[in-house]
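Colleague: Residue numbers (the working numbering): 1 to 321.
It is possible that some hints are incorrect.
Label-pair ranges, simulated between beta-carbon atoms [what the hints assert, rightly or not]:
| id | residue 1 | residue 2 | range |
| --- | --- | --- | --- |
| 1 | HIS299 | GLU60 | 35 to 41 Å |
| 2 | GLU182 | GLY89 | 28 to 34 Å |
| 3 | GLN87 | GLU206 | 45 to 51 Å |
| 4 | ALA39 | ASP203 | 40 to 46 Å |
| 5 | ASP117 | LYS94 | 18 to 24 Å |
| 6 | ARG248 | GLU60 | 25 to 31 Å |
| 7 | HIS299 | GLU223 | 45 to 51 Å |
| 8 | PRO313 | PRO181 | 36 to 42 Å |
| 9 | THR201 | PRO134 | 42 to 48 Å |
| 10 | GLN264 | GLY193 | 27 to 33 Å |
| 11 | GLY168 | SER279 | 31 to 37 Å |
| 12 | PRO298 | ALA39 | 33 to 39 Å |
Please keep in mind that the hints were generated in silico from the structure rather than gathered at the bench.
Quantities reported herein were computed from a predicted structural model and do not represent experimental measurements.
Using N, Cα and C, we set each Cβ at its ideal position, and we do this for glycine too.
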Amino acid sequence: MYHARVRSLCLPFAVLGPLAGACHHLPPYPTPRVTYGAAPIELPLVQLPEDQSRLYVLVETGSMGEQLWFFDTGYSHTTCDAAALAQEGVPTRKTLSTTRGELGKVRLEAATLPDIDLGGHTVHAPRCAVRDLPGTSSIPDGPGYIVTGVLGTNVLRRFVVEVDPAAGVLRLHEPGTLTLPEPIRLRREGLFGPRLMAPATLDGRETWLILDYGAAGTYLDAERLGLPLTREQPGVWRGTGSSNTSARTLQIHHADSVWFGTTQTSPIDVIHRDRGPFSPGLLGMDVLGELHLFIDYPHREASATAVEAKELPVVGSEGVE
(Lines of atoms letter the chains of each structure in order from A and count residues from 1; the text may use other names and numbers.)
(Lines give C-alpha, C1' and ligand atoms only; values in the text may rest on other atoms or scores of the structure.)
Protein backbone atom coordinates (compact mmCIF):
# COMPACT_ATOMS: atom_id res chain seq x y z
CA MET A 1 0.00 0.00 0.00
CA TYR A 2 2.86 2.37 0.72
CA HIS A 3 4.33 1.88 -2.75
CA ALA A 4 1.28 2.78 -4.82
CA ARG A 5 1.72 6.08 -6.58
CA VAL A 6 -1.95 7.07 -6.35
CA ARG A 7 -3.33 6.46 -2.88
CA SER A 8 -6.95 5.50 -2.31
CA LEU A 9 -8.81 5.61 0.98
CA CYS A 10 -11.15 2.86 -0.19
CA LEU A 11 -10.33 -0.50 1.31
CA PRO A 12 -11.74 -3.85 0.17
CA PHE A 13 -15.53 -4.30 0.58
CA ALA A 14 -15.99 -0.51 0.50
CA VAL A 15 -14.77 -0.14 4.07
CA LEU A 16 -13.44 3.29 4.88
CA GLY A 17 -10.82 3.71 7.49
CA PRO A 18 -9.61 3.08 9.88
CA LEU A 19 -10.18 6.55 11.27
CA ALA A 20 -9.10 6.56 14.88
CA GLY A 21 -10.58 9.96 15.51
CA ALA A 22 -9.73 12.57 18.05
CA CYS A 23 -10.07 12.24 21.80
CA HIS A 24 -12.02 15.15 23.26
CA HIS A 25 -13.86 16.03 26.48
CA LEU A 26 -11.35 14.28 28.71
CA PRO A 27 -10.45 15.27 32.25
CA PRO A 28 -6.89 16.47 32.78
CA TYR A 29 -4.37 13.83 31.78
CA PRO A 30 -1.19 15.81 32.39
CA THR A 31 1.93 15.69 30.32
CA PRO A 32 4.18 13.35 32.32
CA ARG A 33 7.62 14.20 33.61
CA VAL A 34 10.43 12.73 31.48
CA THR A 35 14.06 12.00 32.26
CA TYR A 36 15.87 12.05 28.94
CA GLY A 37 18.46 9.48 27.93
CA ALA A 38 21.78 10.22 26.28
CA ALA A 39 20.54 9.21 22.80
CA PRO A 40 17.24 7.92 21.40
CA ILE A 41 16.77 4.19 20.97
CA GLU A 42 15.06 3.26 17.72
CA LEU A 43 11.59 1.84 18.29
CA PRO A 44 10.53 -0.61 15.56
CA LEU A 45 7.41 0.25 13.61
CA VAL A 46 5.12 -2.66 12.79
CA GLN A 47 1.62 -3.31 11.47
CA LEU A 48 -1.19 -5.75 12.20
CA PRO A 49 -2.78 -8.36 9.94
CA GLU A 50 -6.07 -6.42 10.13
CA ASP A 51 -4.47 -2.98 9.84
CA GLN A 52 -1.64 -2.55 7.35
CA SER A 53 -2.22 1.13 6.65
CA ARG A 54 -1.27 2.64 10.03
CA LEU A 55 1.65 2.42 12.44
CA TYR A 56 2.16 0.46 15.64
CA VAL A 57 5.33 0.55 17.69
CA LEU A 58 7.08 -2.11 19.78
CA VAL A 59 8.31 -0.68 23.08
CA GLU A 60 10.59 -2.44 25.57
CA THR A 61 9.18 -0.59 28.55
CA GLY A 62 11.38 -2.11 31.25
CA SER A 63 8.80 -2.14 34.05
CA MET A 64 6.06 -3.77 31.95
CA GLY A 65 8.15 -5.74 29.45
CA GLU A 66 7.73 -5.48 25.68
CA GLN A 67 4.46 -3.93 24.61
CA LEU A 68 2.69 -3.07 21.38
CA TRP A 69 1.30 0.47 21.16
CA PHE A 70 -0.68 2.24 18.48
CA PHE A 71 1.13 5.41 17.37
CA ASP A 72 -1.34 8.24 16.95
CA THR A 73 -0.63 11.97 16.89
CA GLY A 74 -4.39 12.47 16.47
CA TYR A 75 -5.18 11.23 20.00
CA SER A 76 -5.05 14.07 22.50
CA HIS A 77 -4.36 11.77 25.45
CA THR A 78 -2.63 8.44 25.85
CA THR A 79 -5.29 5.73 26.19
CA CYS A 80 -4.93 2.16 27.47
CA ASP A 81 -6.95 -0.94 26.75
CA ALA A 82 -8.81 -2.24 29.81
CA ALA A 83 -8.09 -5.91 29.10
CA ALA A 84 -4.39 -5.26 28.51
CA LEU A 85 -4.04 -3.46 31.84
CA ALA A 86 -5.93 -6.21 33.63
CA GLN A 87 -3.47 -8.75 32.22
CA GLU A 88 -0.59 -6.59 33.49
CA GLY A 89 -2.20 -6.22 36.91
CA VAL A 90 -2.45 -2.43 36.66
CA PRO A 91 -5.43 -1.17 38.70
CA THR A 92 -7.97 1.17 37.15
CA ARG A 93 -10.40 3.55 38.79
CA LYS A 94 -13.87 4.70 37.85
CA THR A 95 -14.40 8.23 36.55
CA LEU A 96 -17.31 10.36 35.43
CA SER A 97 -15.46 11.42 32.29
CA THR A 98 -16.16 10.56 28.68
CA THR A 99 -14.39 10.94 25.39
CA ARG A 100 -16.09 11.98 22.17
CA GLY A 101 -14.90 10.67 18.82
CA GLU A 102 -16.21 10.47 15.27
CA LEU A 103 -18.98 8.07 16.28
CA GLY A 104 -20.09 9.30 19.69
CA LYS A 105 -19.18 9.22 23.37
CA VAL A 106 -17.39 6.54 25.39
CA ARG A 107 -17.23 6.31 29.19
CA LEU A 108 -13.69 6.22 30.57
CA GLU A 109 -11.84 4.77 33.50
CA ALA A 110 -8.33 5.92 34.42
CA ALA A 111 -5.00 4.40 35.43
CA THR A 112 -1.50 5.46 36.39
CA LEU A 113 1.22 3.33 34.85
CA PRO A 114 4.58 2.60 36.46
CA ASP A 115 7.60 4.46 35.12
CA ILE A 116 8.30 3.16 31.63
CA ASP A 117 11.24 3.31 29.27
CA LEU A 118 10.22 4.91 26.00
CA GLY A 119 12.97 4.85 23.41
CA GLY A 120 15.75 5.35 25.97
CA HIS A 121 13.89 7.96 28.01
CA THR A 122 12.09 7.41 31.32
CA VAL A 123 8.47 8.54 31.36
CA HIS A 124 7.46 8.91 35.00
CA ALA A 125 4.06 7.60 36.11
CA PRO A 126 2.15 8.36 32.90
CA ARG A 127 -1.60 8.55 33.32
CA CYS A 128 -3.88 7.07 30.72
CA ALA A 129 -7.56 6.99 29.96
CA VAL A 130 -8.87 3.42 29.99
CA ARG A 131 -11.53 1.78 27.84
CA ASP A 132 -12.21 -1.26 25.68
CA LEU A 133 -10.17 -0.18 22.67
CA PRO A 134 -11.18 -2.92 20.18
CA GLY A 135 -14.85 -2.44 21.05
CA THR A 136 -14.92 1.36 20.95
CA SER A 137 -12.32 2.38 18.38
CA SER A 138 -10.80 1.43 15.03
CA ILE A 139 -7.95 -0.47 16.71
CA PRO A 140 -8.40 -4.16 15.81
CA ASP A 141 -8.28 -7.23 18.01
CA GLY A 142 -6.76 -10.44 16.72
CA PRO A 143 -4.86 -13.60 17.66
CA GLY A 144 -1.15 -13.35 18.37
CA TYR A 145 -0.97 -9.79 19.69
CA ILE A 146 -2.31 -7.42 22.35
CA VAL A 147 -2.38 -3.67 21.74
CA THR A 148 -1.68 -2.11 25.14
CA GLY A 149 -2.95 1.28 24.13
CA VAL A 150 -2.60 4.45 22.10
CA LEU A 151 0.54 6.53 22.43
CA GLY A 152 -1.01 9.98 22.33
CA THR A 153 -0.12 13.63 22.29
CA ASN A 154 0.13 14.23 26.05
CA VAL A 155 3.22 11.97 26.06
CA LEU A 156 4.56 12.76 22.58
CA ARG A 157 4.62 16.50 23.26
CA ARG A 158 7.61 15.96 25.56
CA PHE A 159 9.74 15.07 22.51
CA VAL A 160 10.87 15.89 19.05
CA VAL A 161 9.19 12.97 17.30
CA GLU A 162 10.95 11.47 14.27
CA VAL A 163 9.03 9.04 12.07
CA ASP A 164 11.38 7.35 9.60
CA PRO A 165 9.38 5.11 7.20
CA ALA A 166 12.47 4.29 5.12
CA ALA A 167 14.15 2.70 8.16
CA GLY A 168 10.87 1.53 9.69
CA VAL A 169 11.54 3.13 13.08
CA LEU A 170 10.32 5.80 15.47
CA ARG A 171 12.86 7.98 17.29
CA LEU A 172 12.08 10.28 20.21
CA HIS A 173 14.59 13.09 20.73
CA GLU A 174 15.12 15.37 23.68
CA PRO A 175 13.88 18.87 22.81
CA GLY A 176 16.66 21.33 21.98
CA THR A 177 19.06 18.67 20.70
CA LEU A 178 18.12 19.00 17.02
CA THR A 179 17.96 21.84 14.51
CA LEU A 180 15.34 21.10 11.90
CA PRO A 181 16.21 21.92 8.28
CA GLU A 182 13.69 24.16 6.51
CA PRO A 183 11.25 24.08 9.42
CA ILE A 184 7.53 24.34 8.78
CA ARG A 185 5.64 26.33 11.35
CA LEU A 186 2.84 24.38 13.05
CA ARG A 187 -0.01 25.65 15.17
CA ARG A 188 -2.19 24.20 17.88
CA GLU A 189 -5.72 23.07 17.21
CA GLY A 190 -7.83 25.98 18.35
CA LEU A 191 -5.92 28.20 20.74
CA PHE A 192 -4.97 25.67 23.39
CA GLY A 193 -5.57 22.21 21.93
CA PRO A 194 -2.79 19.64 22.37
CA ARG A 195 -2.86 18.41 18.78
CA LEU A 196 -0.80 20.14 16.10
CA MET A 197 -1.92 21.38 12.70
CA ALA A 198 0.21 21.74 9.58
CA PRO A 199 -0.31 23.53 6.27
CA ALA A 200 -0.92 21.31 3.27
CA THR A 201 -1.50 22.46 -0.30
CA LEU A 202 -3.94 20.41 -2.38
CA ASP A 203 -4.34 21.34 -6.04
CA GLY A 204 -2.90 24.77 -5.30
CA ARG A 205 -5.10 25.57 -2.29
CA GLU A 206 -3.58 25.70 1.17
CA THR A 207 -5.46 24.32 4.15
CA TRP A 208 -4.52 23.59 7.76
CA LEU A 209 -5.00 19.98 8.84
CA ILE A 210 -4.35 18.04 12.03
CA LEU A 211 -1.27 15.80 11.80
CA ASP A 212 -2.98 12.46 12.35
CA TYR A 213 -1.00 9.22 12.10
CA GLY A 214 -4.13 7.48 13.39
CA ALA A 215 -6.07 8.23 10.19
CA ALA A 216 -5.56 5.85 7.27
CA GLY A 217 -6.24 8.66 4.83
CA THR A 218 -6.93 12.38 4.58
CA TYR A 219 -10.35 13.69 5.63
CA LEU A 220 -11.43 17.28 5.04
CA ASP A 221 -14.14 19.57 3.75
CA ALA A 222 -13.35 18.81 0.13
CA GLU A 223 -16.26 20.86 -1.20
CA ARG A 224 -15.02 24.01 0.51
CA LEU A 225 -11.56 23.40 -0.92
CA GLY A 226 -12.98 22.91 -4.41
CA LEU A 227 -11.61 19.39 -4.94
CA PRO A 228 -13.46 17.48 -7.67
CA LEU A 229 -15.90 14.77 -6.61
CA THR A 230 -14.94 11.51 -8.32
CA ARG A 231 -17.54 9.10 -6.94
CA GLU A 232 -19.95 8.26 -4.14
CA GLN A 233 -20.21 4.80 -2.64
CA PRO A 234 -21.57 3.03 0.42
CA GLY A 235 -18.99 2.32 3.07
CA VAL A 236 -18.28 1.93 6.74
CA TRP A 237 -16.81 4.71 8.88
CA ARG A 238 -14.58 3.39 11.64
CA GLY A 239 -13.65 5.43 14.69
CA THR A 240 -14.17 6.19 18.35
CA GLY A 241 -17.67 5.72 19.72
CA SER A 242 -19.91 3.39 21.69
CA SER A 243 -20.19 1.50 18.43
CA ASN A 244 -16.95 1.58 16.45
CA THR A 245 -18.50 1.46 12.97
CA SER A 246 -21.16 3.43 11.10
CA ALA A 247 -22.56 2.79 7.63
CA ARG A 248 -22.40 5.93 5.48
CA THR A 249 -22.40 7.12 1.91
CA LEU A 250 -18.84 8.23 1.21
CA GLN A 251 -18.08 11.21 -0.99
CA ILE A 252 -14.67 10.66 -2.54
CA HIS A 253 -12.75 13.62 -3.99
CA HIS A 254 -9.35 13.75 -5.67
CA ALA A 255 -6.26 15.92 -5.28
CA ASP A 256 -3.69 15.52 -8.02
CA SER A 257 -1.09 17.90 -6.55
CA VAL A 258 -0.23 17.39 -2.87
CA TRP A 259 2.42 19.36 -0.98
CA PHE A 260 3.51 19.29 2.64
CA GLY A 261 5.58 22.43 3.00
CA THR A 262 8.13 22.23 0.17
CA THR A 263 7.80 18.45 -0.17
CA GLN A 264 5.53 16.92 -2.79
CA THR A 265 3.83 13.58 -2.23
CA SER A 266 1.66 11.33 -4.39
CA PRO A 267 -1.83 12.26 -5.60
CA ILE A 268 -4.52 11.17 -3.18
CA ASP A 269 -8.21 10.52 -2.89
CA VAL A 270 -9.77 12.26 0.08
CA ILE A 271 -13.01 11.67 1.94
CA HIS A 272 -15.33 14.62 2.36
CA ARG A 273 -15.76 15.46 6.06
CA ASP A 274 -18.24 18.28 6.59
CA ARG A 275 -17.67 19.33 10.19
CA GLY A 276 -18.08 23.10 9.91
CA PRO A 277 -15.55 25.94 9.67
CA PHE A 278 -14.16 25.44 13.19
CA SER A 279 -13.46 21.71 12.96
CA PRO A 280 -10.30 21.06 10.93
CA GLY A 281 -9.66 18.10 8.70
CA LEU A 282 -7.14 15.33 9.22
CA LEU A 283 -3.90 14.77 7.31
CA GLY A 284 -3.48 11.02 7.38
CA MET A 285 -1.25 8.16 6.36
CA ASP A 286 -1.81 8.51 2.62
CA VAL A 287 0.42 11.61 2.88
CA LEU A 288 2.35 11.09 6.13
CA GLY A 289 3.33 7.54 5.12
CA GLU A 290 5.55 8.99 2.37
CA LEU A 291 7.38 11.43 4.66
CA HIS A 292 10.45 11.20 6.87
CA LEU A 293 8.94 13.61 9.34
CA PHE A 294 10.22 15.44 12.41
CA ILE A 295 7.59 16.97 14.71
CA ASP A 296 9.08 19.34 17.27
CA TYR A 297 6.23 19.62 19.74
CA PRO A 298 7.79 22.15 22.15
CA HIS A 299 8.69 24.58 19.36
CA ARG A 300 5.72 23.70 17.12
CA GLU A 301 7.80 23.04 14.03
CA ALA A 302 8.08 20.21 11.52
CA SER A 303 10.52 19.16 8.82
CA ALA A 304 9.81 16.67 6.06
CA THR A 305 11.50 14.85 3.19
CA ALA A 306 9.89 12.40 0.77
CA VAL A 307 11.06 8.79 1.14
CA GLU A 308 10.22 5.31 -0.11
CA ALA A 309 8.61 3.56 2.83
CA LYS A 310 10.02 0.26 3.98
CA GLU A 311 7.69 -2.74 4.09
CA LEU A 312 7.02 -3.18 7.79
CA PRO A 313 6.85 -6.45 9.75
CA VAL A 314 3.36 -7.65 10.54
CA VAL A 315 2.81 -8.92 14.07
CA GLY A 316 0.27 -11.57 14.90
CA SER A 317 -0.38 -15.22 14.24
CA GLU A 318 1.01 -15.11 10.69
CA GLY A 319 3.68 -12.49 11.23
CA VAL A 320 6.26 -11.41 13.78
CA GLU A 321 5.64 -12.65 17.34
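Colleague: All hints are to be evaluated individually against the structure, with a verdict given for each.
Modeller: Status of each hint after checking the structure:
1. HIS299 / GLU60: 35 to 41 Å: 28 Å, violated
2. GLU182 / GLY89: 28 to 34 Å: Between GLU182 and GLY89, where Cβ atoms are some 47 Å apart, the hint is violated.
3. GLN87 / GLU206: 45 to 51 Å: 46 Å, holds
4. ALA39 / ASP203: 40 to 46 Å: 41 Å, holds
5. ASP117 / LYS94: 18 to 24 Å: With Cβ atoms ~29 Å apart, the hint is violated.
6. ARG248 / GLU60: 25 to 31 Å: 40 Å, violated
7. HIS299 / GLU223: 45 to 51 Å: Distance hint for HIS299, GLU223 is violated at roughly 34 Å.
8. PRO313 / PRO181: 36 to 42 Å: 30 Å, violated
9. THR201 / PRO134: 42 to 48 Å: Distance hint for THR201, PRO134 is violated at roughly 36 Å.
10. GLN264 / GLY193: 27 to 33 Å: Holds, at about 28 Å.
11. GLY168 / SER279: 31 to 37 Å: With Cβ atoms ~33 Å apart, the hint holds.
12. PRO298 / ALA39: 33 to 39 Å: Violated, since PRO298 and ALA39 (Cβ atoms, about 18 Å apart) do not stay within the stated range.
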